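K.L.:
Each chain, written out:
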Amino acid sequence: MSGINDFAFKIGTVNGTGSASANALLMQAIFRMGIPVTGKNIFPSNIQGLPTWYEIRVSRDGYTARPSAVDLVVALNPSTYAKDVATVRPGGYLLYDSTWPLDPDLVREGITILGIPFGQLCVDAFEGDRDRTLLRNIAYAGSLAALLGIDMEIVGGMLTEKYGKKPKLMASNQKAIQLGYGYAMEHFACPLPFHLAKMDATADSILIDGNTASALGCVFAGATVGAWYPITPATALMEAFKGFCEKYRVDPETGMHNYAILQAEDEIAAAGIVIGAGWAGARSFTNTSGPGISLMQEFIGLAYYTDIPAVFFDVQRCGPATGMPTRTQQADLMTLAYASHGDTKHIVLFPADPHEAFGMAVESFDLAERFQTPVFVASDLDIGMNDWMVKRLTWDDRYRPDRGKVLDAAALEALPRFSRYADVDGDGIAARTLPGVSPKGAYFVRGSGHDKHAAYTEDSDAYLEVVDRLKRKFAHAATMVPAPAIHSHGPADVGLVTIGGCDAAVREAADILRAQGIAADVMRIRAFPFGEAVREFIAGHERVFVIEQNRDAQLRSLLTIELSVDPNTLTSILDYGGMPLTAKVVVDAVSAHLAGVTA
Amino acid sequence: MTSIAKPPVRHPSSRTNGRGLALRDYEGAMSTLCAGCGHDSVTAALVQAAWELELEPHRVGKMSGIGCSSKTTAYFMKQSHGFNSVHGRMPSVTSGAAAANRSLTYIGISGDGDSLSIGFGQLSHAIRRNVDMLYVIENNGVYGLTKGQFSASADIGSLSKKGEANEQAPIDPVLLALTLGATFVARSFSGDKKQLVPILKAGLAHNGLALVDVISPCVSFNDHEGSTKSYSFTRDHEVEVVQTDFVPLQREITVPETDAHVRVVQMHDGSKVRLRATQADYDPTNRESAYAYVRDCQLRHELATGLLFVDEGGRSMHEMLRTVEKPLIDVPYEELCPGSAALDALMRRFR
Ligand SMILES: Cc1ncc(C[n+]2csc(CCOP(=O)(O)OP(=O)(O)O)c2C)c(N)n1
Ligand code: SF4
Chain P
1 MSGINDFAFK
11 IGTVNGTGSA
21 SANALLMQAI
31 FRMGIPVTGK
41 NIFPSNIQGL
51 PTWYEIRVSR
61 DGYTARPSAV
71 DLVVALNPST
81 YAKDVATVRP
91 GGYLLYDSTW
101 PLDPDLVREG
111 ITILGIPFGQ
121 LCVDAFEGDR
131 DRTLLRNIAY
141 AGSLAALLGI
151 DMEIVGGMLT
161 EKYGKKPKLM
171 ASNQKAIQLG
181 YGYAMEHFAC
191 PLPFHLAKMD
201 ATADSILIDG
211 NTASALGCVF
221 AGATVGAWYP
231 ITPATALMEA
241 FKGFCEKYRV
251 DPETGMHNYA
261 ILQAEDEIAA
271 AGIVIGAGWA
281 GARSFTNTSG
291 PGISLMQEFI
301 GLAYYTDIPA
311 VFFDVQRCGP
321 ATGMPTRTQQ
331 ADLMTLAYAS
341 HGDTKHIVLF
351 PADPHEAFGM
361 AVESFDLAER
371 FQTPVFVASD
381 LDIGMNDWMV
391 KRLTWDDRYR
401 PDRGKVLDAA
411 ALEALPRFSR
421 YADVDGDGIA
431 ARTLPGVSPK
441 GAYFVRGSGH
451 DKHAAYTEDS
461 DAYLEVVDRL
471 KRKFAHAATM
481 VPAPAIHSHG
491 PADVGLVTIG
501 GCDAAVREAA
511 DILRAQGIAA
521 DVMRIRAFPF
531 GEAVREFIAG
541 HERVFVIEQN
551 RDAQLRSLLT
561 IELSVDPNTL
571 TSILDYGGMP
581 LTAKVVVDAV
591 SAHLAGVTA
Chain H
600 MTSIAKPPVR
610 HPSSRTNGRG
620 LALRDYEGAM
630 STLCAGCGHD
640 SVTAALVQAA
650 WELELEPHRV
660 GKMSGIGCSS
670 KTTAYFMKQS
680 HGFNSVHGRM
690 PSVTSGAAAA
700 NRSLTYIGIS
710 GDGDSLSIGF
720 GQLSHAIRRN
730 VDMLYVIENN
740 GVYGLTKGQF
750 SASADIGSLS
760 KKGEANEQAP
770 IDPVLLALTL
780 GATFVARSFS
790 GDKKQLVPIL
800 KAGLAHNGLA
810 LVDVISPCVS
820 FNDHEGSTKS
830 YSFTRDHEVE
840 VVQTDFVPLQ
850 REITVPETDA
860 HVRVVQMHDG
870 SKVRLRATQA
880 DYDPTNRESA
890 YAYVRDCQLR
900 HELATGLLFV
910 DEGGRSMHEM
920 LRTVEKPLID
930 VPYEELCPGS
940 AALDALMRRF
950 R
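Going down the list, the sequences are from chains P and H. Counting from 1, position 253 in the first sequence corresponds to residue 253 in the numbering used here; the numbering is continuous, with no gaps. Counting from 1, position 324 in the second sequence corresponds to residue 923 in the numbering used here; the numbering is continuous, with no gaps.
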């Protein structure tokens with residue numbers, strides 16, 4: 001770390017003061033210089049006044065995981081100075097607002113402290129408290145441009161894009177940028193030893209968050225009914241869906257919508273709405289997080305038992321209970337796999353980044369309709385709300401929705417009798433009908449015991465026929481869901497198994513381990529139920545580590561339950577404090593375990 | 600829900616409606632409710648209303664939650680699509696179905712337990728959302744299926760079968776609906792088919808949510824002396840405020856408007872409802888006076904019945920959502936997907 005195009009910096013501010021746009025400006029400017037970059041927003045669960053950080057990692061090699069160390073901290077929130085000073089790597093830098101003197105206790109040996117009187121500069125240059133506060137952010141962005149060597153032409157271009165039509169705002173922003181830039185150039189040796197140099201590694205990429213990408217997937221999949229209840233960090237998904245629908249799905253002449261978004265009174269109702277819509281034949285979805293999933297469980301069981309398609313996006317956050325709503329975790333895995341009472345099992349997809357979130361959103365609707373069952377897309381706060389650099393999204397216009405087995409009026413006419421839950425093809429999937437299509441297709445949906453004709457029953461054999469079919473259907477799904485992503489550089493005794501947003505850190509860790517002489521293959525699970533490839537990977541490695549972000553090793557439990565793997569053959573690496581995973585956590589844990597094994 | 604199939608015999612001389620269907624064709628499975636349960640009379644009224652309106656059975660979604668009342672959906676219109684959802688949550692499932700396919704007729708059947716306790720929120724929000732549906736509450740003041748606990752509609756002082764008196768104030772679905780802005784609010788009695796059938800028909804024709812609270816006695820757990828939801832108590836305390844007469848579109852011209860006390864409300868589909876106020880000055884188009892009247896009746900232990908309030912000018916869910924006329928399930932995928940060119944263009948926003 002810490003060379004040209006290979007470093008990380010972090011900005012500590014107070015939320016609600018407008019730093020987000022300055023941080024986005026920095027991140028985007030670096031991206032436009034062609035340099036791979038990632039940003040992680042570490043924010044509190046309130047609206048105004050608490051500490052918030054933005055971490056930017058620059059990586060010429062394209063690593064996008066959260067950085068393991070920071071080279072420069074911009075400390076603008078006095079209440080976190082002590083903490084911020086401590087997080088700078090030895091030899092690194094601290095930039096602070098020198099309008100107020102720095103407490104001598106906070107001076108640390110081995111780091112360089114730079115002071116810029118941002119507050120004073122803005123008081124002198126601008127009128128009014130609001131402008132002074134907002135523009136202080138742009139001023140620090142300007143100073144970073146000088147210290148890190150950000151291309152000022154690119155910054156200028158971005159300001160023009162943003163404020164081109166608002167000359168007053170344009171002038172004040174430009175002035176603020178110059179304040180910071182000029183002060184840094186004049187007082188310090190710019191740029192710092194680690195800095196930026198134009199590259200050409202982002203031409204085929206975009207910066208996007210997972211919620212936006214998922215929402216786009218819903219639009220392209222042809223979803224027409226969305227129901228939800230606001231919850232962090234899932235909210236932005238439906239808001240983005242609404243935005244895209246307003247752009248693409250409103251008839252310009254009549255103003256009529258070919259979609260329906262219902263903000264429900266709670267998550268129970270949201271689940272009921274998507275199930276009702278799925279039954280009626282629409283592609284429908286809801287977006288929520290852990291507490292919402294808890295509320296939806298009764299309905300999830302109903303949809304499972306009555307073969308109704310519906311898509312549930314779970315943007316996971318720290319639990320249990322309300323937990324830490326603005327911190328990330330992967331702690332709903334068990335809940336999603338077996339949601340609701342009685343014997344249930346569900347298809348769950350695990351995107352690793354926004355690019356995959358887009359594709360899996362589309363795929364979730366195909367799987368839900370093909371298997372006539374609830375499908376969960378398990379994203380998390382890190383994927384959902386942070387800006388990721390990913391390959392640009394593309395679309396194949398030949399795509400057509402897989403509606404699964406739906407009998408139309410003619411097909412029904414040809415049948416001697418329609419039996420809703422009869423497994424005619426032996427794959428566990430019974431053909432369905434949509435209400436209103438034909439008198440012959442009418443049947444009764446009931447969550448109570450039913451036979452293959454959908455008639456009420458308390459007869460053991462008739463009941464068993466239905467629940468055993470559902471089990472066969474689930475087993476069949478294992479062959480159709482996305483296969484795991486496996487990365488191998490040749491023979492390796494060590495296997496690293498992971499899931500979702502941990503992917504970037506685990507793959508970076510594998511590279512570091514390789515450089516240290518430890519060959520490790522990586523397998524990222526992409527779906528539940530697990531396919532054969534998952535079993536083979538585990539069986540094919542002498543030592544398997546399972547890396548996930550929850551306390552109780554939920555992925556490891558699922559693997560041992562579903563694949564009958566001996567739990568002792570899987571070593572857990574668990575990181576569940578709520579921050580995105582870093583490669584260092586993985587490298588250190590693997591090294592320590594292996595050292596213990598060889599010792 | 601429990602049900603027994605009925606033998607498919609039809610009397611050759613039975614009358615058929617305009618679709619060539621007999622009353623029998625609008626019946627469902629054999630009821631497994633207790634003999635004499637008020638809910639079975641509601642079933643009979645629904646059969647009659649659907650037959651008279653000549654509904655196409657397979658174009659009807661029969662929606663319910665859980666409870667003896669919610670089993671009703673199995674006992675009428677066997678060729679319709681039925682949906683027993685979960686306890687108290689019929690309104691959300693119906694909202695979703697209606698959002699997806701607005702061309703069907705939705706009949707929601709619920710109980711006082713189902714709608715006023717566990718489902719209170721969903722009922723309220725379905726009213727606010729003004730989902731286009733007929734919403735029938737079969738109100739017996741008790742939880743029938745779980746054997747006789749008081750429900751939220753039980754009146755203060757009403758005695759349970761064991762003789763305990765209810766002490767909590769009741770939730771009255773009619774007052775609730777009026778407060779929340781419902782656009783069609785009616786009350787009737789399962790023992791009064793003559794009154795109930797035209798109300799159900801008007802409710803089916805209504806644009807938006809039509810709430811019909813039907814006092815429907817539970818003979819097993821709440822038909823005793825001291826109960827205020829028994830057959831005899833209801834008969835003795837019922838006050839018909841407005842007589843309702845539903846006039847389908849086809850017969851519109853032949854109905855003379857003779858009486859000055861008759862108020863004619865034109866429904867969304869062109870049919871008409873004739874409301875004759877039997878109480879002097881009762882105005883079923885005035886929400887405030889309707890509320891005050893029903894509330895006064897309640898204080899006098901009287902039950903105001905009839906189509907108590909109607910507003911055909913309200914905006915239904917789809918009108919508020921501005922959804923296309925065509926059911927969403929019929930919009931071709933090609934019209935829903937913006938395509939690769941749009942995505943390529945959009946990608947510029949993310950650079
Ligand atoms: C979540 C849940 N809790 C409890 C029950 C048990 N339960 C079934 S029906 C019912 C009450 C039904 O009362 P009501 O809606 O008034 O119908 P009635 O049986 O009186 O017609 C209850 C509590 C259930 N099915 N689901
Ligand atoms: S218990 Fe009461 S409500 Fe239930 S079927 Fe019997 S009479 Fe009807």
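Calculated from the structure, these hints are not laboratory results. Predicted, not measured: the structure shown is a model, and the values here were computed from it. Even for Gly, the Cβ is constructed at its ideal location relative to N, Cα and C. Some clues are possibly wrong.
No farther apart than 25 Å at their CA atoms in a straight line, the calculated lysine-lysine pairs in the PhoX-like style are these [unchecked claim]:
hint, chain 1, residue 1, chain 2, residue 2
1, H, LYS925, P, LYS452
2, P, LYS247, H, LYS925
3, P, LYS242, H, LYS677
4, H, LYS925, P, LYS440
5, H, LYS746, P, LYS405
6, H, LYS677, P, LYS405
7, P, LYS440, H, LYS793
8, P, LYS452, P, LYS83
Just so you have them, the derived chain H footprint on chain P, three or more residues with Cβ under 8 Å [claimed, not checked]:
hint, region
9, 273-286
10, 289-303
11, 397-410
K.L.:
Starting from LYS242 of chain P, check that the Cα of LYS677 of chain H is at most 25 Å away, please.
P.N.:
Violated: LYS242 of chain P and LYS677 of chain H sit about 39 Å apart, past 25 Å.
K.L.:
Quick one, are LYS925 of chain H and LYS452 of chain P close enough, alpha carbons at most 25 Å?
P.N.:
It is violated: about 33 Å lies between the C-alpha atoms, which goes past 25 Å.
K.L.:
With a Cβ-Cβ cutoff of 8 Å, does the region 289-303 of chain P contain at least three residues near chain H?
P.N.:
holds (count 3)
K.L.:
Please verify whether LYS746 of chain H and LYS405 of chain P have alpha carbons no more than 25 Å apart.
P.N.:
41 Å, violated
K.L.:
Take the C-alpha atoms of LYS677 of chain H and LYS405 of chain P, compute the straight-line distance between them, and say whether it is at most 25 Å.
P.N.:
24 Å, holds
K.L.:
Quick one, are LYS452 of chain P and LYS83 of chain P close enough, alpha carbons at most 25 Å?
P.N.:
Since the Cα atoms of LYS452 of chain P and LYS83 of chain P sit roughly 63 Å apart, the hinted pair is violated (cutoff 25 Å).
K.L.:
Three residues minimum, CB to CB under 8 Å: does the region 273-286 of chain P make the cut for coverage by chain H? Let me know.
P.N.:
holds (count 11)
K.L.:
Using C-beta distances, would you say chain H covers the region 397-410 of chain P, given that this needs three or more residues below 8 Å?
P.N.:
holds (count 4)
K.L.:
Does the structure keep LYS440 of chain P and LYS793 of chain H at a Cα separation of 25 Å or less?
P.N.:
32 Å, violated
K.L.:
Please work out if LYS925 of chain H and LYS440 of chain P have their alpha carbons no farther apart than 25 Å.
P.N.:
23 Å, holds
K.L.:
Under the criterion that the straight-line Cα-Cα distance not exceed 25 Å, is the pair LYS247 of chain P, LYS925 of chain H satisfied?
P.N.:
Distance ~20 Å between LYS247 of chain P and LYS925 of chain H Cα, so the pair holds.
Of the numbered hints stated above, those contradicted by the structure are hints 1, 3, 5, 7 and 8, listed in ascending order.
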